[in-house]
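**Student:** Okay, here's what each chain looks like letter by letter:
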Amino acid sequence: MADHPLPELTPLSEPYWKALDQGHLVFQRCTCGHAWLPPRLQCTACLGDDWRWERASGRGRLVSWVIYHTAYHEAFRSRVPYNVAIVALDEGPRLITNILAPASALARDMPVTLAIKREQGFALARFRPA
Amino acid sequence: MRGNIVIAGIGHTAFGKLPGRDTVSLNVEACRKALADAGVPKDAVDAVFVKTPTSSRELMYGQKLAEALGLQPRMGCAFDQGGAANVTGIMLAALAIEAGQCEVALVCYADNPRTGSRAVYARPRGDDAAYGWFSTAAGYAMLHQRYLLDYAPLPEAFGHVAVACRANGAANPNAQLKLPLSMEQYLAAPWVVEPLRRDDCCLVSDGGAAIVVMSARRARELGVRQPVPILGFGQGQTSWEVVQRPELTSTMAATAARTAFAMAGLAPKDVDVAQIYDCFTITVLMTLEDYGFCKPGHAAGFVAEGRIAAGGDLPINTSGGLLSETGMPGLQLVLEGVRQIRGTSTMQKKGAKVALVSNQGGTMHTHATLLLGA
Ligand SMILES: [Zn+2]
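One line per chain: the protein sequences are D and V, in this order.
The first sequence: position 43 = 43 (the working numbering), numbered continuously.
The second sequence: position 341 = 1341 (the working numbering), numbered continuously.
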């Protein structure tokens, strides 16, 4: 079986993936109050760099999703059809993820909750219907 | 500066599969034809604005092209805004001419993803490839899905766009895909990335296009036969990646259009024919709404009434658009806008006085609007 495509760890992104590995979803919060993902060095609201990692509640809502019926990578060949979704966390940041539910169970703005799942031992932030 | 600047000539290569041709040579052919159409000698050109090829990135591409054109222009650059770069190139040329920085500009674009590499369209989207997030199409599918959730249009709404463009392409001898599409065929086609069906997605094409831009005064001096005045233009950039975008069913296209209409002193109701960027059918519905042709969420009704089809009050993509003429991102739409004002389209809107062109790039990140008039 083909290797699953996995994130490339950088000094900036490593704390994010390490936290997931330890069972927590984190995001960045600036002293100005703005919160975001994916990791970046400066706040897009105030452009400052005085931010820290904050633990997310793991609750969010489903913004949109797509269903892949063909695989663009060997590792997904046995998984089609599979969904890729946008989830907005209650704290604001948005991320690309998968919803652990059949397409028929997905609905506009439905509440979802974090379900960390591993690929080849690497922890990913997936979600399930809340 | 409304009407001060004109499109003096247009040219394009064949569209489709063009093996053995690099993008520079496609650009040169399109430029040669555009200059011939304008009746202007190459030596009159003192500026070259080219959009970088989407399928491959090269350093100093603008200079490679200027060298191949045998030019030492006063101004020139290769730049990237995705598909909006074509109309933006025209805008840059117009502003530069108005400011006395150059007199005669070539604006061109070429690419060869069909015989070269189309890997860019199937690319992993950064770290999110871990979740299976791949391809250009999937980004548009996200917008399409949210549109379905917000407004609950029938799938036929998207089908009307595809069917209209394909009918226009079938009437255009230069179109890459001259195969009309029925609504039944549209609905029966397989998913690409659901909710995108096969015919929601544009073609992948080799080809090039070019236009010649100059002042109306210079066009008179050079004896240009059919100059088409530029009435207005505008831009807007949504910037956020799809996942970060607070609003998925509306973009800065609204700002681009508002700017262009204000510059031209026109309103949507004045537009006779529109070339609306149709890399995916969702972009057409969202653009119709953002431009003010109909209210948010009302594009489905607008297209269902046949208004965008040939013979409707706002025919779109009269040479087939990206869905049928060529998947080349954007400049062919400007060429067709020029033909409509000249009265030479293969799907001519009778008496067209105002033609609108929309260009957009990324996943509706960038947007540019052009208004042409008689
Ligand atoms: Zn801040």
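Simulated from the structure, these hints should not be mistaken for lab results.
Every residue gets a Cβ at the ideal spot worked out from N, C-alpha and C, and that includes glycine.
Among the hints, erroneous ones may be present.
[Said to hold, decoys possible] Quick partial rundown of chain D residues pointing at chain V, CB under 7 Å, derived from the structure:
| no. | residue |
| --- | --- |
| 1 | S64 |
| 2 | V66 |
| 3 | H69 |
| 4 | Y72 |
| 5 | Y82 |
| 6 | L100 |
| 7 | A123 |
| 8 | L124 |
| 9 | R128 |
**Student:** Determine for every hint whether it applies to the structure shown.
**Tutor:** Against the structure, the hints come out as follows:
no. : hint : result
1   : S64  : holds (4 Å)
2   : V66  : holds (4 Å)
3   : H69  : holds (5 Å)
4   : Y72  : holds (4 Å)
5   : Y82  : holds (6 Å)
6   : L100 : violated (12 Å)
7   : A123 : violated (10 Å)
8   : L124 : holds (6 Å)
9   : R128 : violated (14 Å)
Violated hints for the displayed structure, listed by number in ascending order: 6, 7 and 9.
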